[in-house]
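Protein chains in written order, with the numbering used here: chain A, 1 to 309; chain B, 1 to 250.
Mixed in with the good hints there might be a few duds.
[To be verified] Only pairs whose alpha carbons sit at most 20 Å apart, straight line, appear in this in silico EDC-like list of lysine to aspartate or glutamate: (1) A/K73 - B/D84; (2) B/K109 - A/D133; (3) B/K120 - A/D133; (4) B/K248 - A/D290; (5) A/K128 - B/D84; (6) B/K6 - A/D21; (7) B/K6 - A/E24; (8) A/K70 - B/D218; (9) B/K248 - A/D19; (10) A/K89 - B/E85; (11) A/K146 - B/E125; (12) A/K62 - B/E41; (13) A/K211 - A/D238; (14) B/K37 - A/D90; (15) A/K128 - B/D101; (16) A/K77 - B/D242; (17) B/K9 - A/D253; (18) B/K248 - A/D133; (19) A/K277 - B/E29; (20) A/K89 - B/D84; (21) A/K62 - B/D244; (22) A/K89 - B/E140; (23) A/K128 - B/E85; (24) A/K62 - B/E29.
Just so you know, the hints here were simulated from the structure itself, not pulled from any lab data. Source: prediction; values computed, not measured.
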Amino acid sequence: MSQGNSQESNVQTTGHVWDGDLQEFNNPLPAWWLWSFYATIIFSVVYWVAYPAWPLGDSFTKGITTITYKNDKGVEKTTHWSTRALLMKDLQDARESQKKYFDMVAATPYEQFAKNPELSNFVASAGKVVFADNCAACHQSGGQGKMAFAPNLTDDDWLYGGTHDKIQASITNGRHGIMPAKGGADLNEGEIESLANYVLSLSGEKMDAAKIAVGDELFHGKGLCIACHGADAKGNQDIGSANLTDKIWLWADVPAQGSADKKVAAVKAVITSGLNKGVMPAQNGRLSADQIKLLTVYVHDVLGGGSKK
Amino acid sequence: MIEHGKIEKNIGLMLVLTLIAISIGGLVEIVPLFFLKGTVEDVKNADGIKMVRPYSPLEQRGRDIYIREGCYLCHSQMIRPFRDESMRYGHYSLAAESQYDHPFQWGSKRTGPDLARVGKKYSNEWQVQHLIAPRSMVPESVMPNYPWLLTALDTSDVADRMKALRMTGVPYSANKAEHDNNVKEFGADVAKQLHIPDARKNLIEQAQTGKYDGNAADVTEMDALVAYLQVLGTMVDFSKLDNDSFVKFR
C-alpha cells in the first residue's frame, strides 16, 4: 500500500486522510482546459450585454443588438434582438432576393406568363414546392388526382372551369360539389338501372338499347338530371356538375370495372347515394395572394398544359 | 473556504447542497417566465373576446385519443420562428395557442410534418381516409393505419375529464357565475361549450352536426380526433392582428 503511493508522492493532495492512509489527489486541470473555461465565462458576459438575457421582474434586459425590419404596414422599425423580428427580417430579405420574380408574378397578367421563359421556369419550380406542401395529399404529387376523391388537374376536363380566373376561384374559395341522392327525384331500382345504362352510353359504352331509351327519357324528365347536368349532359361549371359525356370519371370508378354489369353497378351506386364528399378546402387565409396566383399559373400552365375549357 | 471534509462526511448536507446547485438552472430559466409580461400573448378580437379558447368536449376527447395513440411521437405542434418553417407550415406558434393544453403537445420529433396548423388544411373526408389508411392518400407515407378509430367513443366520463382540467386552470365552468364570466371572456357560443354540466350533450351534438366521420348517426373516436385536428391552429385570426405586436415579447 504505502509502496504504491511512493511514486506519486510528489502530487499535491487535498489534505484529507481516511483510515490513516487513504488520501485524495488534487491533480490540476490542464492549462488549455482552464483557459477555455475562463473564455466561456467571458463570452457569456458578452452575450448578456449583446442579447436579451436577464429577467428583471416583469421584464428582461434587452441587450444592445438590434434588428431593423418593416412591419405589416411597411413602416421601418428597430427593436432589440428577437427571434420574431429576425424572422420578419429574414422573410423580407428572402423576398428582396426573389423580388424580381415576385414583382413579376404580381404584375404580369395571367396570359403573359407563358411568353416569358424566365418567369415560366420560376413558376414551375416555386409552384411545385407550394403544390407539394398544400395540394398533393389530395390531388397527388403530379396533380393526376385520385379516383373517388379529388379530380385530375392535368387533363383538360374541368368541373369548375379551366380558365385562370376559374382556377383561381377554385383555389381561393374552395369547392364543394353536391348531388342529392337519386338526383333528388323519386326513382326506383329499375329506373336507376336504366339511367346508369344511359349515362354510360354517353361515354361511348355499348349498353342495352332498350334501357338507354328509358334512361334517356328519365334523364330529361322525371329524373331531374338535366336541372344540373344540362340537356346535353355536359354539366354546368357554375355548380361543378360533372360532364357525363367525356369518358372521364371521378366518382363512379368505371375504368376499373371489367364487365358491363360492374360498370352499371358503379354508376348506380353514385346515383343512388348522391355525392357530398367532394370538398376542396378554401385556401384564402391559409395561403398568401402571391402563393395563390403562383398556384393558379402552376395548375393552368404547368399541370394543365395551358387549359382553356 | 467551506470545509470539504464536512460536506463529504455528511450525506444529508451534501444532498441539500446538491439540490440547491441543480435547481439554480430551473430557477433562473423557468421561474422568471411566470412573472414576465407577455410570456403568454394576449390575443383578442376587436370586441375584446379572446381568440384562443379551451377545447370543446368533443375536441378535448379527440386530444385524449391523440395522446393515447402516441401521435406526438411522430408529430410536433410547434412552428418555430424560422424562415423554412413559416414558409411550409404558416405563422409561427404563439404561446397563447397552447395555453389550455395540459400537457402541451409541442413534441420533439418530426417523423411526420408539424400539425400545429393542420386545421382546415384538409377536408374531414381526407382526414378520415388518411387515418384509416395513410398510404391510400400519400403512397410513400410511413404513418401507421388507425382503422379502430371508427369504434364508438366512450362519452361517459367527459365531464370528469373537464373537471380535472379545470383544476389545472382551464376555465371550464361548473356553475352559473363561472359560465357568465366565460360569456364575457369568450362569447356566448363558446361559453356554452365550456359548461361542464352540459358536456356530454354538447359533445354528442357537435359530433352529429359536424359529421366529422361522415356519419351523423354515431359518435366515434374518429369524430373526436378529426374535430380536434380540424381546430388546430385555427383559433387565432392573424389577419386581424398586427404582426409586429408579437415582437416585443421575445
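These are the hints, each one checked on the structure:
1. A/K73 - B/D84: Given pair A/K73, B/D84 is violated - Cα atoms ~23 Å apart, limit 20 Å.
2. B/K109 - A/D133: 19 Å, holds
3. B/K120 - A/D133: Holds - the C-alpha atoms of A/D133 and B/K120 are around 14 Å apart, at most 20 Å.
4. B/K248 - A/D290: With Cα atoms ~28 Å apart, B/K248 and A/D290 exceed 20 Å; violated.
5. A/K128 - B/D84: Holds. A/K128 to B/D84 sits at ~16 Å (cutoff 20 Å).
6. B/K6 - A/D21: 19 Å, holds
7. B/K6 - A/E24: 15 Å, holds
8. A/K70 - B/D218: 51 Å, violated
9. B/K248 - A/D19: 62 Å, violated
10. A/K89 - B/E85: Judged against 20 Å, a Cα distance of about 15 Å means the pair holds.
11. A/K146 - B/E125: 13 Å, holds
12. A/K62 - B/E41: 18 Å, holds
13. A/K211 - A/D238: Roughly 30 Å separates the two Cα atoms, so the pair is violated.
14. B/K37 - A/D90: 26 Å, violated
15. A/K128 - B/D101: Violated. A/K128 to B/D101 sits at ~35 Å, over the 20 Å cutoff.
16. A/K77 - B/D242: 13 Å, holds
17. B/K9 - A/D253: Violated, at about 81 Å.
18. B/K248 - A/D133: Given that 20 Å is the threshold and the Cα spacing comes to 31 Å, the pair is violated.
19. A/K277 - B/E29: 50 Å, violated
20. A/K89 - B/D84: 13 Å, holds
21. A/K62 - B/D244: 17 Å, holds
22. A/K89 - B/E140: 35 Å, violated
23. A/K128 - B/E85: Roughly 17 Å separates the two Cα atoms, so the pair holds.
24. A/K62 - B/E29: 16 Å, holds
When held up to the earlier numbered hints, the structure conflicts with 1, 4, 8, 9, 13, 14, 15, 17, 18, 19 and 22 and fits the remainder.
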